[in-house]
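This is what each chain is made of:
2 protein chains.
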Amino acid sequence: MHSSERLLIRALRREDVPRAPVWLMRQAGRYLPEYRAVRAKAGGFLEMVKAPELAAEVTLQPVRRFGMDAAILFSDILVPLEAMGMPLLFDERGPVLPEPLREARHVDALEVVDPAATMGFVGDALRLTRAGLPDETALVGFCGAPFTLASYAVEGGTSRNYAHLRRLMYHETALFERLLDKLAEQVARHLDYQAACGAEALVLFDTWAAALTREDYLRHALPWTRRVFERCTAAVPRVVFGGAADHLLEDLAGVGADGVAVDHRTDLAGAFERTGGRLAVQGNLDPGALFAPPAEVARRTRALLESVAGRRGHVLNLGHGVMKETDPEAVGAFVRTALEFGGDA
Amino acid sequence: MHSSERLLIRALRREDVPRAPVWLMRQAGRYLPEYRAVRAKAGGFLEMVKAPELAAEVTLQPVRRFGMDAAILFSDILVPLEAMGMPLLFDERGPVLPEPLREARHVDALEVVDPAATMGFVGDALRLTRAGLPDETALVGFCGAPFTLASYAVEGGTSRNYAHLRRLMYHETALFERLLDKLAEQVARHLDYQAACGAEALVLFDTWAAALTREDYLRHALPWTRRVFERCTAAVPRVVFGGAADHLLEDLAGVGADGVAVDHRTDLAGAFERTGGRLAVQGNLDPGALFAPPAEVARRTRALLESVAGRRGHVLNLGHGVMKETDPEAVGAFVRTALEFGGDA
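First to last, the sequence lines map onto chains P and W.
Under the working numbering, residues 1 to 345 are what the first sequence spells out, in order.
Under the working numbering, residues 346 to 690 are what the second sequence spells out, in order.
I should point out that these hints are in silico values taken from the structure, not numbers from a laboratory.
For clarity, every value in this text was computed on a predicted model and none was experimentally measured.
The reader is advised that the hints may include incorrect statements.
[Unchecked claim] Anything over 12 Å on all C-beta distances counts as not near chain P; from chain W, calculated:
hint	residue
1	G389
2	P397
3	L434
4	E481
5	R610
[Claimed, not checked] Listed next, the stretches of chain P that the computed footprint assigns to chain W, with coverage defined by at least 3 CB atoms under 8 Å from CB atoms of chain W:
hint	segment
6	24 to 37
7	173 to 187
C-beta atoms are modelled at their ideal positions from N, C-alpha and C, and glycine is treated no differently.
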């Protein structure tokens, strides 16, 4: 099957499809016992990301178990930062960048690199995954958006208040923009590289976009989100994700992506209206709803699908990633409901 | 001056006022060196909360320095949980409740108590604060909403995924509702108690409301928010705050409060429209904007005030609390701009 025939790709191209394709953000992860088994042997998160056989294996696990329509590569949005020269590790707090960028010399030292030469493990994992996937299942690659990568690079990890980032953004705007320039270039290369290695759709995660008001996002982040989509030349559908960014939906719909992912606090049918029917819309069951009993998960999933039935370009997903405490049975109920929706297949 | 003549109270009653009153959520706090000095001597956060002289002193500090139109009592939304029988401490992670409620016997053991008998330090701090405030400055009391208190009580602290809370909410709904029943009763008593001790306006903080989709908030939280306002009989204006709850604005406007606080990702003029002009609206400068240079803070503050100039019931505030890394100069620029807006005072 050519990738363009796969359900996810057809839906992202807003073709007429028999049902909405389904996949889940962070579907390869700690909520699955088979994932935890691989991880226990691998040693750590980053070790798995950099071992193509292991990354491919955990990418395939949820597809084997649930049969969703797409696999998203097991990797991390911060991998390109490490390739650019920033030490990166993961501990119980999450990602840690022990040498955060705070001054001009730090930004100047950051190097835009060739993904094939520095992150070959990503390409290898994509190729291994494609070889192991069922023919009808699409393969999704991804990267963090420049603003979100900058927030990690400047804060040195996840942050509550983004105090360092805001100081740089407001007080040393030119330096902040030089950082975003470099990141946008690296991100575009990383997306193109993944497409060249077999990714059939790409998601750009601007996970922390909602940290900013609309005024600040338009001024300090969106131009570089748009630049990524301008520079990325891969002929595959692209989706932009903005976290809990309902206030940015119309803006994100205009950055050059083919689809926009919406949070579970955004009304899904409303999102189609607000984006003028020009884009595919991905979403948006509350990942917290997966803590409900399976019958209730199925009910909510059906209600969501019914609310946009007949619209072109719907890709069923969560509003955010699967949480580690999730019962796999709930994910099963979600996927099964989607696969059976509106047909007798 | 009778409290009904103070600017904040008049604005919350939607009377015609010469300018919007201004105060800041978490205005007494770590960003102020004079606060840190008191705290260093007090030993800890909870020790300050329970020492009326210290609580009153830090409540008065920002008013002395900036001259805003209201003081909000220095306290914590979790104080009533401790009074109900839950051990409470604060460490570098924030609040910790080492005996979280997970089973029926835990909920049954929770006791609805008389605030005067168990939290007299709150009343004492309010009286001391009132005595130290300028005549024209209003005094604000507050409490956490039942859903937010339940999230702390069940999770045992702040939470990322609310896994325990969601399990209780979805799988043991009757037990969860018994917990909310008790909390709503305690919260209403706590608000009435504060009004009796001199609080001239009350804010109900449903800080984690945005953790829920609208469907879940309407089902599992809002009825108890409404009940608090029904049971609370104090004849003072009441404001409801929902965190980043743009998706709940119309619903929160209908719970019985006189005003609704809006997040900085909500359009302020739009919030007046969406609430039908029936309520006061509090907000909503981005607390992150206080990291900008003072001139930029002033520019944004003016733009915000101009966007709703002429509307009754605007109370200028941030969209969320002051961050600890904030430069006091920025708070000064914010307050000064508000005090000088639209007049030659």
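Verification of the supplied hints:
1. Every beta carbon of chain P lies more than 12 Å from that of G389 of chain W, the smallest distance being close to 20 Å; the non-interface claim holds.
2. At roughly 30 Å from the closest C-beta of chain P, the C-beta of P397 of chain W stays outside 12 Å, upholding its exclusion from the interface.
3. No beta-carbon of chain P is positioned within 12 Å of the beta-carbon of L434 of chain W; the least distance is around 20 Å.
4. E481 of chain W, annotated as away from the interface, keeps every beta carbon of chain P farther than 12 Å; the closest lies near 31 Å.
5. Not every CB of chain P lies more than 12 Å from the CB of R610 of chain W, the least distance being 4 Å, so the non-interface label is violated.
6. Using a Cβ-Cβ cut-off of 8 Å, 0 residues of the segment 24 to 37 of chain P lie near chain W, which falls short of the minimum of three, so the contact claim is violated.
7. Three residues within the 8 Å Cβ limit are the bar, and the segment 173 to 187 of chain P against chain W gives 0, so the coverage statement is violated.
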